[in-house]
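Residue numbers (our numbering), protein chains in the order written: chain A, 1 to 159; chain B, 160 to 318.
Hints are computed from structural coordinates only; laboratory data are not their basis. Think of the CB as a built atom: it goes at the ideal place given N, C-alpha and C, for glycine as much as any other residue. Watch out, some of these pointers could steer you wrong.
Stated by the list, open to error - Example chain A residues on the side facing chain B (calculated, C-beta under 10 Å, incomplete):
#	residue
1	T32
2	I69
3	A71
4	L151
Stated by the list, open to error - Reference listing, derived: stretches of chain A covered by chain B, where coverage requires no fewer than 3 residues with Cβ under 8 Å from a Cβ of chain B:
#	segment
5	8-18
6	41-48
7	78-91
8	108-116
Stated by the list, open to error - To list a few chain B residues with every Cβ distance to chain A over 10 Å, as calculated:
#	residue
9	A178
10	A188
11	S226
12	V240
13	S242
14	R244
15	V260
16	P285
17	D291
18	P294
19	E316
There are 2 protein chains.
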Amino acid sequence: MILNIIGIIHTPFQRSSGAPVQASLAGGAEGTVEVYEPFSAGLRDLDGFARIWLLYWFDRAALPPESLIVAPYLDHQARGVFSTRAPSRPNRIGLSPVQLVAIERNILRVRDIDVLDGTPLLDIKPYVPRFDSFPNSRAGWLESVASGQILADDRFEQK
Amino acid sequence: MILNIIGIIHTPFQRSSGAPVQASLAGGAEGTVEVYEPFSAGLRDLDGFARIWLLYWFDRAALPPESLIVAPYLDHQARGVFSTRAPSRPNRIGLSPVQLVAIERNILRVRDIDVLDGTPLLDIKPYVPRFDSFPNSRAGWLESVASGQILADDRFEQK
Numbered sequence: 001m002i003l004n005i006i007g008i009i010h011t012p013f014q015r016s017s018g019a020p021v022q023a024s025l026a027g028g029a030e031g032t033v034e035v036y037e038p039f040s041a042g043l044r045d046l047d048g049f050a051r052i053w054l055l056y057w058f059d060r061a062a063l064p065p066e067s068l069i070v071a072p073y074l075d076h077q078a079r080g081v082f083s084t085r086a087p088s089r090p091n092r093i094g095l096s097p098v099q100l101v102a103i104e105r106n107i108l109r110v111r112d113i114d115v116l117d118g119t120p121l122l123d124i125k126p127y128v129p130r131f132d133s134f135p136n137s138r139a140g141w142l143e144s145v146a147s148g149q150i151l152a153d154d155r156f157e158q159k
Numbered sequence: 160m161i162l163n164i165i166g167i168i169h170t171p172f173q174r175s176s177g178a179p180v181q182a183s184l185a186g187g188a189e190g191t192v193e194v195y196e197p198f199s200a201g202l203r204d205l206d207g208f209a210r211i212w213l214l215y216w217f218d219r220a221a222l223p224p225e226s227l228i229v230a231p232y233l234d235h236q237a238r239g240v241f242s243t244r245a246p247s248r249p250n251r252i253g254l255s256p257v258q259l260v261a262i263e264r265n266i267l268r269v270r271d272i273d274v275l276d277g278t279p280l281l282d283i284k285p286y287v288p289r290f291d292s293f294p295n296s297r298a299g300w301l302e303s304v305a306s307g308q309i310l311a312d313d314r315f316e317q318k
């Protein structure tokens, strides 16, 4: 299982502190996704999609704690890492549904971006409501913290 | 970027041929997700979620074609790989939103599973409608093929 870095994500967020914790909470922040030339042919037909999944590597996140229990941004209570979207996880793969604004050659302009500047890109998949949208799905502890902290801090950064 | 296999997915599907092409088209197929013991502590608090994202490795998929153009199951026309959910992609990471039925220790019973038996598990994330659900998102070429082939064949298998 060898990962190829297929591109790089450019955003206004240089550090975790102050970055949005989720794409849907990013308040329309804009960024660009640069797909490296050897992979850009795979972008054909993507322009018809309003939203895309970005899969990327949390390259600046610390390893998860031994206990696998983390204190997520959106709550005051520690939680099992797999019940959170925290970046410090056994495989530091991030997943963000961002708005696709435009494609110019190998550069994608996107909105609602919540990742750090310079993040390595792993994959792009189309967002398809009939595959991906479950508006009424019960969301455990995240239902009771609708007003949690929506900007990150440095708790998951490598020290 | 080193990937840890954190578990294994057990399903009724031994081969691509005849397996569902998407979780939402899986017709309720059931499976189990076995999270290996060193990682099972991270499952705490997950039981409140009706649906979870499984991230896994398409271990039996062929490498993508040089052209990065693939013939997806749901259409008769070849498409840029990043506009499809085809398993033969530069990083063979799969993404499926499955229903979480029950958790017993380190075993998750799930429904709407569309992956092959024995698939290596990379990550579990909670499905959160306010992060993940965009019911009206325009879906490009996939909007015009509502009645495509919903069972896979062997086109993406390693030969």
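Cβ contact check, 8 Å cutoff: the segment 8-18 of chain A against chain B, three residues minimum: violated (count 0)
Agreement of hint A:I69 with chain B interface, Cβ distance less than 10 Å: 7 Å, holds
Would B:D291 pass as off the interface with chain A, using Cβ distances and a cut of 10 Å? 6 Å, violated
With 10 Å as the threshold, tell me whether B:S242 passes as away from chain A on beta-carbon distances. Its Cβ does come within 10 Å of chain A, the nearest being 4 Å, so this is violated.
Do three or more residues of the segment 78-91 of chain A come closer than 8 Å to chain B, measuring C-beta to C-beta? n = 10 at 8 Å, threshold three: holds.
Least C-beta distance from B:R244 to chain A larger than 10 Å: 6 Å, violated
Closest CB-CB distance from B:A188 to chain A, is it above 10 Å? The claim holds: B:A188 sits with its nearest Cβ about 15 Å from chain A, beyond 10 Å.
Count the residues of the segment 41-48 of chain A whose Cβ falls closer than 8 Å to any Cβ of chain B, and tell me whether that reaches three. It holds, with 8 qualifying residues against the three required.
Nearest-CB test (10 Å) between chain A and B:S226: 6 Å, violated
Can we keep the A:L151 interface hint, with Cβ of chain B closer than 10 Å? 15 Å, violated
Confirm or reject the statement that B:A178 sits farther than 10 Å, beta carbon to beta carbon, from all of chain A. B:A178 is indeed farther than 10 Å from all Cβ atoms of chain A, at 15 Å.
Under the criterion of a CB-CB separation shorter than 10 Å, is A:T32 in contact with chain B as hinted? 15 Å, violated
The structure is inconsistent with the numbered hints 1, 3, 4, 5, 8, 11, 12, 13, 14, 16, 17, 18, although it conforms to all the rest.
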